[in-house]
Amino acid sequence: MKKEVLVWKDIIGFTVNGNLIPDRRVEKTDFEWIEILTPEQYRITREKGTERPHSGALCTAYESGKYNCVCCKAPLFDSSIKFNSGTGWPSFTQPIKRNAIQYIKDISFGMIRVEVLCNTCDAHLGHVFPDGPEPSGLRYCINSESMILEKNNSNGKGG
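Using the numbering used here, the letters of the sequence shown correspond one by one to residues 27 to 185.
Simulated from the structure, these hints should not be mistaken for lab results.
A quick note: this is a predicted structure, and the numbers were derived from the prediction, not measured.
Just to be clear, a hint being listed does not mean it is correct.
DEER-style ranges, computed between Cβ atoms [what the hints assert, rightly or not]:
1. E73 <-> G114: 18 to 26 Å
2. P161 <-> T55: 35 to 43 Å
3. P161 <-> P65: 20 to 28 Å
4. K131 <-> N179: 36 to 44 Å
5. N110 <-> T55: 33 to 41 Å
Here a beta-carbon is modelled for each residue, glycine too, at the ideal position from N, C-alpha and C.
Whenever a hint applies, use it, and build me the whole structure from the sequences.
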């Protein structure tokens, strides 16, 4: 069965009509998040912060694996759809599953953008833009600090 590709029209539809239901939910108090996250991870994921461009460890990581939410470990993106956008943040063309990401209209800083959150725990990840490569035309611009790379270990060596 071929996976249906999300396009910009779908993203706008989610911001207007509501998001898909996640497979599970993770909810914690601010204190619980502070206990498990670094200060920078907390600032970005729980306070909607942004890391400086080209500063994130995952910007130049292209190992095979899955990019999971740093807060709840939910799978977000697969390495096979990561690309170098030249923007200074890890960029992806699609989420790992249609319901992995939550989409919110963001009118901060005098712009209209679409914020992307982990649909499992509401962690701020970054934004999605309609200027990515085909076939989706999407560019998910994601903070490195909001994700952890779970590398595939197909070569039998430790990782």
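Here is how each hint holds up against the structure:
1. E73 <-> G114: 18 to 26 Å: Roughly 20 Å apart at Cβ, these two residues keep to the hinted range, so it holds.
2. P161 <-> T55: 35 to 43 Å: 41 Å, holds
3. P161 <-> P65: 20 to 28 Å: The hint (20 to 28 Å, Cβ to Cβ) is violated, given that P161 and P65 are roughly 39 Å apart.
4. K131 <-> N179: 36 to 44 Å: Holds, since K131 and N179 (Cβ atoms, about 39 Å apart) stay within the stated range.
5. N110 <-> T55: 33 to 41 Å: 38 Å, holds
The structure does not agree with numbered hint 3 stated previously, though it agrees with all others.
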